[in-house]
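A.B. asks: Single-letter residue listing:
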Amino acid sequence: VSDDNKITLHAFTELVASRAGVSNVDADAYIHQLAKTMAEGLEQGSEIPLYHFGRFHTTHVGEQEGHDPNSGEPLTIPEHTRVHFRPYSALRFAVNAPFRQLRIKELTEDKTAWRLRTRALILLAVLVLLLILLGISVMSGMFSQDASVVSAEKVSAKVEPAPPVDEAPVDEAPATVTTAPAEAQAAPAPAIETAAPAEPPPPTAKATTTVVTVSPGDTLWAIAESTWGDPFWWPVIYAENRSELSRLNPDRINIGIILRIPVLTGSVNSPSDEDLRLKTNAYRIVADDYQKLENPRAAEYAKVAARGFKK
Amino acid sequence: MDQTELIDQVANELGISNAQSQRLLKATLREIRDLLRAGHAVTLPHLGTFDTATYKEHRGYRPASDDFALFPKRRVPVFRAGTLLRDDVYDIESDEAGTPT
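Just so you know, the protein sequences line up as chains A and B, in that order.
So for the first sequence, our numbering puts the first residue at 7; every next one is plus one.
So for the second sequence, our numbering puts the first residue at 1278; every next one is plus one.
These are computed hints drawn from the structure, not numbers from a lab.
A virtual CB, placed ideally from N, CA and C, is assigned to each residue, including glycine.
Examples of chain B residues toward chain A, derived with CB under 10 Å:
{"id": "1", "residue": "Leu1313"}
{"id": "2", "residue": "Phe1345"}
{"id": "3", "residue": "Arg1363"}
With these hints in hand, go ahead and build the complete structure from the sequences.
C.D. replies: What follows is the structure, encoded as structure tokens:
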């Protein structure tokens, strides 16, 4: 404690007066009276709490041995009362404002912290493991489903387009949007019902030609298969009936129209040269029609037609 | 003696209203607080000195963690009773104890 930071009573009185809005004389009188009253109160042994400031209180000290600080001689200190001032936190914080940002530093690091940290780590690891397991189970479920579906598709695909060139199914389509082609073929196939051969005993002229009426679900592919036992001959039917088909779309034939099934000189399994020529021409026609429709199948059919068929 | 009693007594002694006494007390305490915050020391006559003490960074025991820690530098308000007050209180107590000084 040095003297250079001390405020004189005069200056202090002026400050208090300006703050309270009273004259200096009044403030001075008040400060003196306040100090005297507080001293009296402390002499009576009571404590004085001051709101947001601090608390004055007294403690009683018993008789104790001491020594004279100047001479070092021992002497007895009589029992007496001390005055204490305990600042409240508002005053403490105000005074400590310059060092408010400083914090207590640990000398030895917390030896229990690692437990919490490892526990957190273990928790995290378990969570990650659970997530991975969950993901694996979900993915395996998806794959198994996929596998079943895919196998089914593969099976159907093997059944149908295993041979080099394939089908061009479909008829019906009463103004429908085409469904997925693979499905569409698969479905109608069983429904073939060559109910049409009701006609075979042809009351009409040509006894040589079989006639088939297209019923819903029929496809050229299916008709060829049911008629000859080999669906890859369907372009022959298409080529034979092309003049009657209004759409000129091998994939779309109208329900109810009557298709003429050309008579083969040989059989499907042992075709004659004429039959093979017929088949090649039919494939070329189909390829042309597909080309006009900008159907990507055109290329395949054109290739097959160009290669031609051999025994 | 609590704050209201103190205000009452001072008002009676000076012949001013309680409100005025309270206002003056508040002004005095706040002025002391502001001066202490600025690092000054204030002496009230017959009572004692309000001052600030700066503690250096020091090692101390912390019961919460049951360990020692490094406490930061801090400044605290301190009050030292004046000799008059000390004598008064001292004399009273010694009189009670029957050993006049």
